[in-house]
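One line per chain: the protein sequences are C and B, in this order. Counting in the numbering used here, the first sequence runs from 1 upward without gaps. Counting in the numbering used here, the second sequence runs from 1 upward without gaps.
Rather than coming from a laboratory, the hints here were simulated on the basis of the structure. Worth double-checking, as some hints may not be accurate.
Since the list gives no way to pick out one identical chain from another, each pair is judged satisfied if it fits inside one copy or across any two copies.
To be verified - As a list, the in silico BS3-like pairs of lysine-lysine whose alpha-carbon atoms are at most 30 Å apart:
(1) Lys-209 <-> Lys-157
(2) Lys-33 <-> Lys-398
(3) Lys-209 <-> Lys-181
(4) Lys-244 <-> Lys-52
(5) Lys-43 <-> Lys-236
(6) Lys-398 <-> Lys-52
(7) Lys-211 <-> Lys-343
(8) Lys-398 <-> Lys-236
(9) Lys-33 <-> Lys-17
(10) Lys-147 <-> Lys-211
(11) Lys-102 <-> Lys-259
(12) Lys-181 <-> Lys-157
(13) Lys-236 <-> Lys-181
There are 2 protein chains.
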Amino acid sequence: MIALGQIKDIARPTPSKIVLLVIDGLGGLPHPKTGMTELETAKTPNLDRLAKEGICGIMDPVSPGIIPGSAPGHLALFGYDPLRFVVGRGVLEALGIDFELKERDVAARGNFCTVDGRGLITDRRAGRISSQRCTELCGLLSGLNIKNTRLFVSPVKEHRFVVVFRGEGLSSELSDSDPQKEGLAPKSVIALSPEAARAASIANEFIAKAKAALADQYPTNMVLLRGFAHYPDFPKMSEVFGLKPAAIASYPMYRGLAKVVGMEPLATGATIEEEFFALVDHYNSYDYFFLHVKEADIAGEDGDFDRKVRVIEEVDRALPRLIALDPDVIIVTADHSTPAVLKGHSWHPVPFLLRSQWCRPDGVEEFSERSCSLGALGRFPATDVMPLALANALKLGKFGA
Amino acid sequence: MIALGQIKDIARPTPSKIVLLVIDGLGGLPHPKTGMTELETAKTPNLDRLAKEGICGIMDPVSPGIIPGSAPGHLALFGYDPLRFVVGRGVLEALGIDFELKERDVAARGNFCTVDGRGLITDRRAGRISSQRCTELCGLLSGLNIKNTRLFVSPVKEHRFVVVFRGEGLSSELSDSDPQKEGLAPKSVIALSPEAARAASIANEFIAKAKAALADQYPTNMVLLRGFAHYPDFPKMSEVFGLKPAAIASYPMYRGLAKVVGMEPLATGATIEEEFFALVDHYNSYDYFFLHVKEADIAGEDGDFDRKVRVIEEVDRALPRLIALDPDVIIVTADHSTPAVLKGHSWHPVPFLLRSQWCRPDGVEEFSERSCSLGALGRFPATDVMPLALANALKLGKFGA
Numbered sequence: 001m002i003a004l005g006q007i008k009d010i011a012r013p014t015p016s017k018i019v020l021l022v023i024d025g026l027g028g029l030p031h032p033k034t035g036m037t038e039l040e041t042a043k044t045p046n047l048d049r050l051a052k053e054g055i056c057g058i059m060d061p062v063s064p065g066i067i068p069g070s071a072p073g074h075l076a077l078f079g080y081d082p083l084r085f086v087v088g089r090g091v092l093e094a095l096g097i098d099f100e101l102k103e104r105d106v107a108a109r110g111n112f113c114t115v116d117g118r119g120l121i122t123d124r125r126a127g128r129i130s131s132q133r134c135t136e137l138c139g140l141l142s143g144l145n146i147k148n149t150r151l152f153v154s155p156v157k158e159h160r161f162v163v164v165f166r167g168e169g170l171s172s173e174l175s176d177s178d179p180q181k182e183g184l185a186p187k188s189v190i191a192l193s194p195e196a197a198r199a200a201s202i203a204n205e206f207i208a209k210a211k212a213a214l215a216d217q218y219p220t221n222m223v224l225l226r227g228f229a230h231y232p233d234f235p236k237m238s239e240v241f242g243l244k245p246a247a248i249a250s251y252p253m254y255r256g257l258a259k260v261v262g263m264e265p266l267a268t269g270a271t272i273e274e275e276f277f278a279l280v281d282h283y284n285s286y287d288y289f290f291l292h293v294k295e296a297d298i299a300g301e302d303g304d305f306d307r308k309v310r311v312i313e314e315v316d317r318a319l320p321r322l323i324a325l326d327p328d329v330i331i332v333t334a335d336h337s338t339p340a341v342l343k344g345h346s347w348h349p350v351p352f353l354l355r356s357q358w359c360r361p362d363g364v365e366e367f368s369e370r371s372c373s374l375g376a377l378g379r380f381p382a383t384d385v386m387p388l389a390l391a392n393a394l395k396l397g398k399f400g401a
Numbered sequence: 001m002i003a004l005g006q007i008k009d010i011a012r013p014t015p016s017k018i019v020l021l022v023i024d025g026l027g028g029l030p031h032p033k034t035g036m037t038e039l040e041t042a043k044t045p046n047l048d049r050l051a052k053e054g055i056c057g058i059m060d061p062v063s064p065g066i067i068p069g070s071a072p073g074h075l076a077l078f079g080y081d082p083l084r085f086v087v088g089r090g091v092l093e094a095l096g097i098d099f100e101l102k103e104r105d106v107a108a109r110g111n112f113c114t115v116d117g118r119g120l121i122t123d124r125r126a127g128r129i130s131s132q133r134c135t136e137l138c139g140l141l142s143g144l145n146i147k148n149t150r151l152f153v154s155p156v157k158e159h160r161f162v163v164v165f166r167g168e169g170l171s172s173e174l175s176d177s178d179p180q181k182e183g184l185a186p187k188s189v190i191a192l193s194p195e196a197a198r199a200a201s202i203a204n205e206f207i208a209k210a211k212a213a214l215a216d217q218y219p220t221n222m223v224l225l226r227g228f229a230h231y232p233d234f235p236k237m238s239e240v241f242g243l244k245p246a247a248i249a250s251y252p253m254y255r256g257l258a259k260v261v262g263m264e265p266l267a268t269g270a271t272i273e274e275e276f277f278a279l280v281d282h283y284n285s286y287d288y289f290f291l292h293v294k295e296a297d298i299a300g301e302d303g304d305f306d307r308k309v310r311v312i313e314e315v316d317r318a319l320p321r322l323i324a325l326d327p328d329v330i331i332v333t334a335d336h337s338t339p340a341v342l343k344g345h346s347w348h349p350v351p352f353l354l355r356s357q358w359c360r361p362d363g364v365e366e367f368s369e370r371s372c373s374l375g376a377l378g379r380f381p382a383t384d385v386m387p388l389a390l391a392n393a394l395k396l397g398k399f400g401a
C-alpha cells in the first residue's frame with residue numbers, strides 16, 4: 001500500500017465532501033433456512049440504488065482470514081494500516097468509557113478476580129459481578145495512594161475496569177500481571193525496557209495495595225492488569241489527508257477511535273435516525289464524515305438474524321436524508337462481518353459501495369455480499385478506501401511526474 | 001509483490017518473445033450521453049479477438065485511488081515498484097527532450113518567471129512565453145560561467161527548461177527554489193545533506209547569475225528551479241529478468257524511461273502505423289518489446305472523447321501486423337486512465353489483456369473496462385505484469401524447492 005507520507009504529498013484540500021457510513025458488523029452468512037444473508041434478506045431500496053449508481057466490491061478489513069477487532073477494522077477504513085497502527089487494550093477500554101486520556105497517561109485493562117488462600121486464581125472474572133458492584137470497588141481503589149502518581153480507577157462493565165496512572169515519564173512497556181489462566185498466581189508486572197522500571201514499580205505498588213484493600217471483599221479479592229498502553233500518537237487525518245473530519249457515533253469507543261486520528265466527535269442522539277440528523281445539522285462545517293451505526297453488530301453478536309435484518313432496513317429508511325445532501329462521495333460498508341449464525345465478529349470480507357460522479361459504475365444492481373463480489377472494485381483491502389474516497393472527491397494530485 | 005532479487009534467481013533467457021503494447025491513457029469513463037467509455041465506444045475487432053483468446057483483468061498502475069504520473073505508470077509495467085523506484089522531476093524533463101544525462105549529472109526543472117521590483121514572484125510562468133523565446137533565453141543562460149561546473153540549459157516548451165550541472169561529486173539532495181506560489185520571493189536552494197553543500201552553492205550561483213543576465217528581459221526576469229535529481233541507478237531488465245529488451249516510442253520521455261531500465265530505444269517514425277512497422281523491422285533482434293502509443297492520452301487530456309475513440313480504432317487497425325508476428329506473449333494495457341470527461345490522468349484502473357498459448361482463457365469476449373473487470377485475472381497491481389509476462393513466455397523457473 002501507499003505510505004501515509006506519500007499520500008500526504010499529493011492530498012489537497014477542496015470543498016468536496018465525503019461521507020463514510022459504517023454499518024458495524026454488516027457482513028453476514030446465509031440463514032440455514034433461506035440461504036440468504038441478513039443483507040440479502042433485508043429490503044434495501046436506497047442501498048440498492050446507491051450500488052447501482054456506484055461501484056462495488058468486497059473488502060477485507062484487516063487481511064483475508066483475519067477476524068478484526070473494532071479498532072483495526074475502523075483504523076483501516078480511516079486509511080491507517082491496522083497491522084502497523086495498533087491501539088493498546090488499555091487505551092481501547094478507556095476510549096470505551098469516554099475517559100479523557102492525557103498524552104503521557106498509562107492505561108491498563110483491569111479485571112476483578114478471585115484468589116484462594118495460596119494466592120492462586122480460582123476465577124479470573126470473580127463470578128462476573130454486577131456493574132454496580134464494580135463501580136463500588138473502583139471507588140474503593142481510587143482512594144489508594146501511589147507515590148508521585150495520580151491514580152484513576154473507572155468501572156467498565158461487570159468485572160472489568162480501567163486503571164490509569166498519570167505521572168511524569170511513565171513508560172507503558174510493561175508485561176501483563178494477568179496470566180490468562182486459572183490455577184496460577186497473578187504475575188509481577190515486568191519492565192520490558194530499562195525506561196519502564198519506574199512504571200513497573202508503580203503498577204506493582206498499585207496491585208499490592210489493591211490486594212490489601214480487597215482482602216475482605218471475597219470473591220473480588222484481587223485484580224489482574226493487562227494491555228498497558230499510552231494514548232497513540234498517530235498522524236492526524238487533517239495533516240495526512242488535508243481533511244476536516246467529523247465523527248457521528250453514539251457509542252463512546254467509536255468516538256474515541258475517531259478522535260485518535262483527529263476527527264471531531266459531533267453531538268448526536270442515540271438512535272440511527274438521530275445520527276443521520278446530526279449529519280444534516282453539521283454538514284456545512286466539515287468535508288469528511290464518519291457515520292457509525294452500531295446496532296447491526298449487536299444484533300449479530302446476539303445471534304438475532306431477524307433483528308439484524310430490521311436494523312439494516314432502518315438504516316436504509318434513514319438514507320434519503322444522507323442522499324439528499326448529495327455528498328461528492330458516499331461510501332457504505334462495514335468494519336467487519338458479524339454473522340448472526342456465528343454470534344460474533346468474523347473474518348468474512350464485507351460488502352462495499354462507493355458512489356460519486358466519477359466512479360465508473362459497474363452494473364452491480366443490488367447491495368449484498370454476493371453482488372458486491374462481482375463489482376469492478378474486486379476484492380480489496382480496507383486501506384484502499386481512503387485513497388479511493390479522496391480520488392473520487394478529486395482531492396488527490398498526480399503521483400510522480 | 002516478489003522482489004527483483006527473487007525474480008532474478010528464477011528468470012532464464014529463452015528465445016520466446018513478449019510484446020507489451022501500452023496505449024497511453026487508454027482507460028476511460030462513460031460518455032454522459034451513451035454511458036459507454038471511449039474503449040467501449042470504439043470498434044475494436046482485433047483487440048476483442050485478443051481478449052477472447054487471452055485472459056483479462058483490471059489493473060491498478062500504482063495503487064488504488066492513486067493518479068499515476070507517466071514515470072510510475074510505466075515503471076510498474078516494466079516490473080519496478082513505482083512507490084520505491086522514483087525518477088526525479090529534473091531527470092524526467094531531461095528525458096523528455098532526449099538530453100543525454102551522464103551518471104553524475106544533476107538535473108532540475110526550470111521555469112522562466114516574472115518578479116517585481118521587490119523580487120516577489122508575480123507570474124510563475126512569465127505569461128507562458130513562446131517556445132521560440134524560451135530557446136533564445138536558454139541560449140543566453142548557457143553562456144554563464146559557473147566555477148568547476150559544466151552548465152547545460154535546454155528549452156522544453158513555453159516557459160519550461162532543463163538545467164544540468166555536470167561536475168565532480170555533486171549531490172542532488174537539494175531543496176527547490178520554486179516556492180510554488182506567487183507573491184513570494186524565490187527561495188535559496190538548501191543542501192538537504194552535508195554532502196550537498198557544494199551543489200547547493202553552485203545552484204544558488206547559477207540562480208544569481210541568471211537573475212543578473214535576465215535583469216532587462218522583463219517579463220522573463222527570473223528563474224525558478226525544482227526537482228533536482230540524478231539519473232536513476234536502477235537495475236537493468238537484462239540483469240533482473242534476463243531479457244534483451246527494446247522500446248518503440250515516438251515520444252522522447254517514454255524512450256527515456258525505457259532506457260532507465262535498460263531497454264534499447266529503436267528508430268521509429270512518429271505515427272502509430274510506423275511504430276508497428278518498427279516492431280516488424282526489429283522483431284528478430286530482441287525478445288521483449290515495449291510499444292508505446294501516446295495519442296490516446298493526448299486526446300483524453302484534450303477532453304476529446306471522439307478523437308480518443310478514433311485513436312483506439314487506429315491502434316486496432318494496426319494490430320494485425322503485431323498478431324501476424326505471433327509473439328509468445330502479447331499484452332495490451334495502459335499506464336493509467338485518461339478519461340476525456342476528466343481531461344487528465346485519473347486513478348481508475350485500466351483494462352488488461354494477455355494472450356499466450358498458456359494463459360488459461362477466461363471467457364471474456366471483448367476488450368473494455370467493464371468486461372475486463374470480470375476477467376479471471378481479477379483486479380491486480382501493475383507490478384504483477386512482468387512476472388505474468390515472463391511466466392507465460394516460459395521464462396521463469398520454479399520458486400523454492
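Comparing the hints with the structure gives:
no.	hint	result
1	Lys-209 <-> Lys-157	within (22 Å within a copy, 73 Å between copies)
2	Lys-33 <-> Lys-398	between (50 Å within a copy, 28 Å between copies)
3	Lys-209 <-> Lys-181	within (22 Å within a copy, 62 Å between copies)
4	Lys-244 <-> Lys-52	within (29 Å within a copy, 47 Å between copies)
5	Lys-43 <-> Lys-236	neither (38 Å within a copy, 48 Å between copies)
6	Lys-398 <-> Lys-52	within (29 Å within a copy, 33 Å between copies)
7	Lys-211 <-> Lys-343	neither (36 Å within a copy, 70 Å between copies)
8	Lys-398 <-> Lys-236	both (22 Å within a copy, 26 Å between copies)
9	Lys-33 <-> Lys-17	between (42 Å within a copy, 26 Å between copies)
10	Lys-147 <-> Lys-211	within (17 Å within a copy, 66 Å between copies)
11	Lys-102 <-> Lys-259	within (13 Å within a copy, 51 Å between copies)
12	Lys-181 <-> Lys-157	within (21 Å within a copy, 55 Å between copies)
13	Lys-236 <-> Lys-181	between (38 Å within a copy, 25 Å between copies)
Against the hints set out earlier in the document, violations occur for numbers 5 and 7.
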